[in-house]
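Going line by line, the protein sequences match chains A and B. Counted from 1, the first sequence has number 98 at position 98 by the working numbering; the numbering is strictly sequential. Counted from 1, the second sequence has number 336 at position 69 by the working numbering; the numbering is strictly sequential.
Calculated from the structure, these hints are not laboratory results. Take these hints with a grain of salt, some might be off.
[Claimed, not checked] 20 Å max Cα-Cα, derived SDA-like pairs, lysine to any residue:
id: 1; chain 1: A; residue 1: Lys54; chain 2: A; residue 2: Glu118
id: 2; chain 1: A; residue 1: Lys122; chain 2: A; residue 2: Ile66
id: 3; chain 1: B; residue 1: Lys481; chain 2: B; residue 2: Leu510
id: 4; chain 1: A; residue 1: Lys190; chain 2: A; residue 2: Glu118
id: 5; chain 1: B; residue 1: Lys346; chain 2: B; residue 2: Ser386
id: 6; chain 1: A; residue 1: Lys64; chain 2: B; residue 2: Asp325
id: 7; chain 1: A; residue 1: Lys240; chain 2: A; residue 2: Arg26
id: 8; chain 1: B; residue 1: Lys445; chain 2: B; residue 2: Ala486
id: 9; chain 1: A; residue 1: Lys136; chain 2: B; residue 2: Glu326
id: 10; chain 1: A; residue 1: Lys240; chain 2: A; residue 2: Glu259
id: 11; chain 1: B; residue 1: Lys445; chain 2: B; residue 2: Ser310
id: 12; chain 1: B; residue 1: Lys445; chain 2: B; residue 2: Gly324
id: 13; chain 1: A; residue 1: Lys190; chain 2: B; residue 2: Asn398
id: 14; chain 1: A; residue 1: Lys136; chain 2: B; residue 2: Lys517
id: 15; chain 1: B; residue 1: Lys481; chain 2: A; residue 2: Arg26
id: 16; chain 1: B; residue 1: Lys481; chain 2: B; residue 2: Glu497
id: 17; chain 1: B; residue 1: Lys337; chain 2: B; residue 2: Ser310
id: 18; chain 1: A; residue 1: Lys136; chain 2: B; residue 2: Asp432
id: 19; chain 1: A; residue 1: Lys136; chain 2: B; residue 2: Ser310
id: 20; chain 1: A; residue 1: Lys136; chain 2: B; residue 2: Pro421
id: 21; chain 1: B; residue 1: Lys337; chain 2: B; residue 2: Gly399
id: 22; chain 1: A; residue 1: Lys136; chain 2: B; residue 2: Leu510
id: 23; chain 1: A; residue 1: Lys54; chain 2: A; residue 2: Glu239
id: 24; chain 1: A; residue 1: Lys136; chain 2: B; residue 2: Lys337
id: 25; chain 1: A; residue 1: Lys64; chain 2: B; residue 2: Gly324
id: 26; chain 1: A; residue 1: Lys136; chain 2: B; residue 2: Ser386
id: 27; chain 1: A; residue 1: Lys136; chain 2: B; residue 2: Gln505
id: 28; chain 1: A; residue 1: Lys136; chain 2: B; residue 2: Lys481
id: 29; chain 1: A; residue 1: Lys136; chain 2: B; residue 2: Ala433
id: 30; chain 1: A; residue 1: Lys64; chain 2: B; residue 2: Glu326
id: 31; chain 1: B; residue 1: Lys517; chain 2: B; residue 2: Gln505
id: 32; chain 1: B; residue 1: Lys445; chain 2: B; residue 2: Lys337
id: 33; chain 1: A; residue 1: Lys136; chain 2: B; residue 2: Ala486
id: 34; chain 1: A; residue 1: Lys54; chain 2: A; residue 2: Gln138
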Amino acid sequence: MTAVTGYEDTGSLSRATFFQIDDSWRSATGLGVSVAVIDSGIDTAHPELTGKVKTSVEARVDNKRIVFDPSEAGDSAGHGTACASIISRIAPEAELHSIKVLGAGGLGDGQAFLAGLEYAVKNEFGVINLSLGTTKPQFFAPLHDLLDRAYLAGCVVVAAANNLPHPSFPSVFSSSLISVIKSEETDPLKFGFHFGEIIELTAPGVNVRTAWPGGGHRNLTGNSFACPHVAGMIARLLEKHPELTPFQVKSALYAIAQENEASSAGV
Amino acid sequence: MSDFEPNGLNEKLRVLIETVDVASMLTEPLTRSIQDLLVVSASQMGSAEASVLVRDGDEGDLLFLAAIGKVAEQLVNMKVPAGKGIAGFVLSSGQPMAVSDVGEEESFYADVDKKTGYSTQTILATPLRHNGEVIGVLEYINRTGEPPFAAFTPEQMDRAALFADAIASLVNAYESAKLFHELGEKVLSVDADLDISEVREWLSTLRGSAEHRKTMDLAIMLREIASRGETETELCSQLLESLLTYLDAKAETGFLKY
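One chain only, chain A, in its complex shape (with noise of 0.2 Å):
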């Protein structure tokens, strides 16, 4: 049992939640639970990946507006069928759905993934994986507006921070979405926190061995990989507790990585 406590401000409404979750996540599968990849696309075809796919998408420029078509064109760059690979192991009965916005010519640094967060925001997906960012500033505020869009909507955004010395976006937003960045820790379900700055969660990000495109395997290292695991525990919790606020969730997440860090001590 882990009994969490946070304080909810969404501007209209703020008040303290206090509730326990049992342990049943631990052992879920994530079963019942939408999971979005915003990515380079899905390899399909996986081994570790067959039949947990339900929708693929990809972006196409269409008269200077960013539309999404059906898509079978797979994962040219690798990145999101490793993502997908990591989110399939710890919530292996998930649903993922693969965005893509990556790898095809054309499409704008940021424009096409800002296009992406709405077409997933706009499909309610339970939680939606984005370890890509950018630096622009001029989508500071249409990304504001959309995680604002995905919180009302229950969708929880789980986003990779950047490790770079510059802000990234939208991992530096901390109220509406969840931030990771990577740890050497080698147990893919321990993740840990700091507590206040503006990169909250770490998980394992550090030689994780994930599918690759063509059936092989890669060891990567990125923040990019941590986020993932994250967002496979986020559906397992959802799976156990769907009436979860995405605050809620995210309080949930901080408790949970508070008891890892402790039993990690040997407190």
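Fit chain B to the known structure of chain A by using the hints.
Just chain B, lined up with the frame of chain A:
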């Protein structure tokens, strides 16, 4: 009437530019500095192979601008199609990543390695950013020593991000110099009728940061005004001077806010 007439200033400039190799004068010191910084940073990273890739056109293609290591000469000017390989991903996602076993399977690296005869096994790639825009990718390949090479560590990934900042400034300066040179060539070419609108159109198609384009556009505008005659030039310079005075006053008092 403009002074862009045979035997005029334009002609003299053209001859001067032909005599002095402006292209190398402007860009060579910068590529050399990038190269030097690559050598220093690579040794810090425990690697002897490194390269800088820059955007090539608007479609997300990349081009090797500088490289050090065994196959450096073969790499420079080699093109990488959009979205291919780790570099393509890092360019479009803005996220750094490291791969510890690129392997021998069919991949972008297999293609490049086939051309260069090199064997890429571990790679660390980080975005080059300038003013919030990803302008290229910095890569370190393999660690020094014998294969199998150790993976790049998370600390090295953070350190690479700092080197990337310095290299990005140089790459940006290089791009500006190149742009300036190309602009000069275009304006001063023998059979150019100096159709300003054509130059503008060409400028608008140029790749590079919006900042460059705006500055260049402004320069072209001034050039156009100057070609209209002395009165127009005088008026323009008065307008600009008063704007500058206003801006200085604004900066001093902090009172006049937009």
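Outcome of the hint check:
1. A:Lys54 to A:Glu118: This hinted pair holds, its Cα atoms lying about 19 Å apart.
2. A:Lys122 to A:Ile66: Since the Cα atoms of A:Lys122 and A:Ile66 sit roughly 14 Å apart, the hinted pair holds (cutoff 20 Å).
3. B:Lys481 to B:Leu510: 18 Å, holds
4. A:Lys190 to A:Glu118: Given pair A:Lys190, A:Glu118 is violated - Cα atoms ~30 Å apart, limit 20 Å.
5. B:Lys346 to B:Ser386: 18 Å, holds
6. A:Lys64 to B:Asp325: 15 Å, holds
7. A:Lys240 to A:Arg26: 10 Å, holds
8. B:Lys445 to B:Ala486: 16 Å, holds
9. A:Lys136 to B:Glu326: Given that 20 Å is the threshold and the Cα spacing comes to 18 Å, the pair holds.
10. A:Lys240 to A:Glu259: Given that 20 Å is the threshold and the Cα spacing comes to 19 Å, the pair holds.
11. B:Lys445 to B:Ser310: With Cα atoms ~29 Å apart, B:Lys445 and B:Ser310 exceed 20 Å; violated.
12. B:Lys445 to B:Gly324: Holds: B:Lys445 and B:Gly324 sit about 14 Å apart, inside 20 Å.
13. A:Lys190 to B:Asn398: Measuring from Cα to Cα gives roughly 36 Å; hence the hint is violated.
14. A:Lys136 to B:Lys517: Distance of about 27 Å is beyond 20 Å: violated.
15. B:Lys481 to A:Arg26: 56 Å, violated
16. B:Lys481 to B:Glu497: Violated. B:Lys481 to B:Glu497 sits at ~25 Å, over the 20 Å cutoff.
17. B:Lys337 to B:Ser310: Holds, at about 14 Å.
18. A:Lys136 to B:Asp432: 16 Å, holds
19. A:Lys136 to B:Ser310: 31 Å, violated
20. A:Lys136 to B:Pro421: 25 Å, violated
21. B:Lys337 to B:Gly399: 33 Å, violated
22. A:Lys136 to B:Leu510: 29 Å, violated
23. A:Lys54 to A:Glu239: Status holds; Cα separation ~17 Å.
24. A:Lys136 to B:Lys337: 36 Å, violated
25. A:Lys64 to B:Gly324: 18 Å, holds
26. A:Lys136 to B:Ser386: 36 Å, violated
27. A:Lys136 to B:Gln505: Not OK: A:Lys136 and B:Gln505 at ~35 Å, beyond 20 Å, violated.
28. A:Lys136 to B:Lys481: Since the Cα atoms of A:Lys136 and B:Lys481 sit roughly 17 Å apart, the hinted pair holds (cutoff 20 Å).
29. A:Lys136 to B:Ala433: The given pair, whose Cα atoms are some 19 Å apart, holds under the 20 Å limit.
30. A:Lys64 to B:Glu326: 15 Å, holds
31. B:Lys517 to B:Gln505: Measuring from Cα to Cα gives roughly 18 Å; hence the hint holds.
32. B:Lys445 to B:Lys337: 27 Å, violated
33. A:Lys136 to B:Ala486: Since the Cα atoms of A:Lys136 and B:Ala486 sit roughly 26 Å apart, the hinted pair is violated (cutoff 20 Å).
34. A:Lys54 to A:Gln138: This hinted pair is violated, its Cα atoms lying about 33 Å apart.
The structure fails to meet hints 4, 11, 13, 14, 15, 16, 19, 20, 21, 22, 24, 26, 27, 32, 33 and 34 from the earlier list, while all remaining hints are met.
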